[in-house]
Amino acid sequence: MIISFLFISLNLICSTAIAQNTPLLDIERIFSAPALQGTAPSQVKLSPDGQRVTFIRAKKTDNSRFDLWEYNIKDKQSRLLFDADDLHQGDEKLSDEEKARRERMRVSGSGILSYSWSADGKALLFPLAGDVFYYRIGDKKAQRLLNTPEFETDIKLSPKGQYISYIRNQNLLIKHIASGTETALTTQGGGNIKYGMAEFVAQEEMEQLTGYWW
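Quick note on numbering: my numbering labels position 39 of the sequence shown as 39, and the sequence is numbered without any gaps.
Rather than coming from a laboratory, the hints here were simulated on the basis of the structure. Mixed in with the good hints there might be a few duds.
Per label pair, the in silico range of CB-to-CB distance [claimed, not checked]:
#, residue 1, residue 2, range
1, Asn147, Leu80, 17 to 25 Å
2, Leu25, Thr187, 34 to 42 Å
3, Ser116, Asp85, 42 to 50 Å
4, Lys76, Glu205, 27 to 35 Å
5, Pro159, Val107, 20 to 28 Å
For clarity, every value in this text was computed on a predicted model and none was experimentally measured. Cβ coordinates follow ideal geometry from the N, Cα and C atoms, glycine included.
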């Protein structure tokens, strides 16, 4: 009886001590970082070669800042592919077109918010802070394909993986990845003229968020 009494007393004392040291859960904490439920992955994709699963995950310390991760199916291990802070420092200044595009896509936050695989599963393309990065699987680092003061949007990889395409200043451009040669497919964009961009009704009513295709 004495042993049982001591055991119960110790449990009560420990429980009381833990309760006293645990901060109360309030509204501010529920909606602040880090998230109480952890960081759930988004944009989960299987690579075309079936060897890995890639996804975007918020930082543990900031649930509005996103990085690119991969899960290797053979090794059964997850690892951070690219930390957005390693590739870009400072605030992201969005163009008006990108602000409107993200609003209609219901996308918020910063960092690496989207990415795409090459058809052969050997490369990844992702935008960050208005510029574009290209990564071939196995390389030590990503290649920065665009580094301009303008904000490029709607970035796509060509079907054969030789070019990227994008919108800049309401014009459609392409760039050859190997040579770095950039070609403007249109040059008269501006004002009410928007090449390669879906107009307002198509975006808002038909959920058509792009105005060009490969």
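So, going through the hints one by one against the coordinates:
Range check, Asn147 to Leu80: about 23 Å between beta-carbon atoms, so the 17 to 25 Å window is met. Take Leu25 and Thr187: their Cβ atoms lie about 57 Å apart, and the range 34 to 42 Å is violated. Remark: the range hint 42 to 50 Å for Ser116 to Asp85 is contradicted by a beta-carbon distance near 22 Å. At about 44 Å, the CB distance of Lys76 to Glu205 disagrees with the hint of 27 to 35 Å.
The hint said 20 to 28 Å for the Cβ distance between Pro159 and Val107, and at roughly 25 Å that hint holds.
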